[in-house]
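From just these sequences and the hints, can you work out the full model?
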Amino acid sequence: MKIKISSGKINVIAELKNTPTANAIYNALPLEAAANRWGDEIYFPIPVSLDEESDAKDVVSEGDVAYWPEGSCFCIFWGRTPASKGDEIRAASKVNVFGKIILDAKIFSKIKNGDLIVVSREQ
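Each residue of the sequence shown is one higher than the one before, starting from 1 at the first, in this note's numbering.
Just so you know, the hints here were simulated from the structure itself, not pulled from any lab data.
Here the structure is a predicted model, which means the values were calculated and not measured.
By construction, the Cβ of each residue, glycine as well, lies at the ideal position given by its N, Cα and C atoms.
Check before you lean on any hint, since a few could be wrong.
[Claimed, not checked] Simulated crosslink set (DSS-like; lysine-lysine; CA at most 25 Å straight-line):
1. Lys17 x Lys106
2. Lys85 x Lys110
3. Lys9 x Lys106
[Stated by the list, open to error] Distance ranges between label pairs, derived from CB positions:
4. Asp55 x Gly8: 29 to 39 Å
5. Asp58 x Pro20: 17 to 27 Å
6. Lys100 x Ala28: 17 to 27 Å
7. Asn11 x Ser54: 24 to 34 Å
8. Ala24 x Asp58: 15 to 25 Å
9. Gly79 x Asn18: 19 to 29 Å
10. Lys85 x Gln123: 38 to 48 Å
11. Val118 x Pro20: 20 to 30 Å
Shown next, in the form of structure tokens:
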């Protein structure tokens, strides 16, 4: 499964894992929301309510696409956040990583607070 994440002229594809979180979010698409920046992370609330999966973690990798159960948010990581220690990429608390940006996720650094994000199914 693949999804497209768009904002203005930015169009990025992510490959999804085969997990309950990925399936639930894919089935909820399309989604639109205003972006929130937290360091080199974008997050936004989505109308999906899920629990932590058994492999939920707070230290993630560049390009990870995740769901934050505590805030019911879709998250995209490409660098350090205010919670990071050293060079790690750390979420505010445990997230369910359910996908990966296929190309360079650093393009999301061009997105500002309040910019519209659209997530849709990619054929």
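What are the numbers of the hints that this structure violates, sorted from low to high? When the structure is compared with the hints, none of them turns out to be violated.
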